[in-house]
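Protein chains: 2
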Amino acid sequence: MYTKILQHVSRYIELSPQEKEEFTGILIEKKISKKQFLIQPGDKVMEEFYVVKGCLKAYYLDEMSNKHILQFAIEDWWISDFEAFFNDLPAQLHIECLEDSVLLGIHKDSLETLYERIPQFERFFRLKITNAFVSLRSRVLSTLQKNSKQRYIEFCEAYPNIEQRVANYHIANYLGIKPESLSRIRKELVRT
Amino acid sequence: MYTKILQHVSRYIELSPQEKEEFTGILIEKKISKKQFLIQPGDKVMEEFYVVKGCLKAYYLDEMSNKHILQFAIEDWWISDFEAFFNDLPAQLHIECLEDSVLLGIHKDSLETLYERIPQFERFFRLKITNAFVSLRSRVLSTLQKNSKQRYIEFCEAYPNIEQRVANYHIANYLGIKPESLSRIRKELVRT
Numbered sequence: 017m018y019t020k021i022l023q024h025v026s027r028y029i030e031l032s033p034q035e036k037e038e039f040t041g042i043l044i045e046k047k048i049s050k051k052q053f054l055i056q057p058g059d060k061v062m063e064e065f066y067v068v069k070g071c072l073k074a075y076y077l078d079e080m081s082n083k084h085i086l087q088f089a090i091e092d093w094w095i096s097d098f099e100a101f102f103n104d105l106p107a108q109l110h111i112e113c114l115e116d117s118v119l120l121g122i123h124k125d126s127l128e129t130l131y132e133r134i135p136q137f138e139r140f141f142r143l144k145i146t147n148a149f150v151s152l153r154s155r156v157l158s159t160l161q162k163n164s165k166q167r168y169i170e171f172c173e174a175y176p177n178i179e180q181r182v183a184n185y186h187i188a189n190y191l192g193i194k195p196e197s198l199s200r201i202r203k204e205l206v207r208t
Numbered sequence: 017m018y019t020k021i022l023q024h025v026s027r028y029i030e031l032s033p034q035e036k037e038e039f040t041g042i043l044i045e046k047k048i049s050k051k052q053f054l055i056q057p058g059d060k061v062m063e064e065f066y067v068v069k070g071c072l073k074a075y076y077l078d079e080m081s082n083k084h085i086l087q088f089a090i091e092d093w094w095i096s097d098f099e100a101f102f103n104d105l106p107a108q109l110h111i112e113c114l115e116d117s118v119l120l121g122i123h124k125d126s127l128e129t130l131y132e133r134i135p136q137f138e139r140f141f142r143l144k145i146t147n148a149f150v151s152l153r154s155r156v157l158s159t160l161q162k163n164s165k166q167r168y169i170e171f172c173e174a175y176p177n178i179e180q181r182v183a184n185y186h187i188a189n190y191l192g193i194k195p196e197s198l199s200r201i202r203k204e205l206v207r208t
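One line per chain: the protein sequences are A and B, in this order. Basically this note's numbering = 1-based index in the first sequence + 16. Basically this note's numbering = 1-based index in the second sequence + 16.
It should be emphasised that the hints constitute simulated quantities derived from the structure, not laboratory data. Be aware that one or more of the hints could be misleading.
[To be verified] In silico DSS-like links for lysine-lysine, alpha-carbon gap of 27 Å or less:
1) Lys194(B) x Lys83(A)
2) Lys194(A) x Lys124(B)
3) Lys83(B) x Lys60(B)
4) Lys144(B) x Lys60(A)
5) Lys124(B) x Lys36(B)
6) Lys144(B) x Lys194(A)
With the hints as constraints, model all of the structure from the sequences given.
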């Protein structure tokens, strides 16, 4: 159960066997079935989640019930309504499982204790959040500077093998293009 | 020169007098005049900057030479081309001074040494980058869910007193609206 997350952490920091034990001791396993919600608008968000297995999407429903997908998460990614989690605000996002998923949650309070007891985790989460910030900034920039085809290629690099797992119209929504345009782009890429 | 940045840091972590000295010892003062560029596309970006005094904008120029303002920075903010800085890529942004500015830069290498010598800075920069990530995510969400007036109010809260310092068309550009719409919104707000 903990092999993957420990490998993931050890790419950034080095932990002693005791520290590993202490870390895994605070993780809360959560199994969620396809189409179930991990988070819904209005929820109090006390955990962030590491994906051991499965696939999820985080989206915002606007007043006209249009869906805007902000993030996918597959194995080795973290997901939550981060704005709600970090700023103690009610959730604004839906986070829905696209496949049966196994997650490991960390509670906000356990995280604070973890920082006190094993300060290396300050480094780990600093590096993780830096990656998230840079990816988001580069996604904002991408929509300004790149065409749909380039953004689709970037998406495939960021989420390897997700094409087989997520419906076309989800990917199109994430990229802010029409499903027809996505099909056209894919055909073009197969040809080249 | 260092009073403001030390106050800023002490809102997040507590430093001994020696640690304060060590920290300020790595800061590089930079004075830049209005209309000069701190960073231009293609630059190698080795520093991030704390604003002691002044006002700057970070923007992207697309292929059609349309300007897209990503960030303003005033006193007590940090600015850089963060994607370039963190990922060792050439700069994509212009960072231009809107007023004569005084900055304190931290070099990438000094930052790594700082983390080793005073690990509390892991915490400081984790918290700063978390704020930046959450603000950016909430800005992306704002464009989906809020009208121009609400976004203008949020902008005024995030950048207090910037209205007197930055031209209307810059603020309109940042909000993704026309300058005429911004004038209309301001008139409406004065009336209410």
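A quick look at each hint next to the structure:
Restraint check: the Cα-Cα separation between lysine 194(B) and lysine 83(A) comes to about 26 Å, which is no more than 27 Å; the hinted pair holds. With a C-alpha separation of about 41 Å, the suggested pairing of lysine 194(A) with lysine 124(B) is violated against the 27 Å cut-off. Restraint check for lysine 83(B) and lysine 60(B): the C-alpha separation of about 21 Å stays at or below 27 Å, so the hint holds. The straight-line distance between the Cα atoms of lysine 144(B) and lysine 60(A) is roughly 23 Å, inside the 27 Å bound, and the hint therefore holds.
For the hint pairing lysine 124(B) with lysine 36(B), the CA-to-CA distance comes to about 18 Å; that is within 27 Å, so the pair holds. Distance check on the hinted pair: lysine 144(B) and lysine 194(A) sit about 36 Å apart at the alpha-carbon level, beyond 27 Å; violated.
Consistency note: the structure conflicts with the earlier hints numbered 2 and 6.
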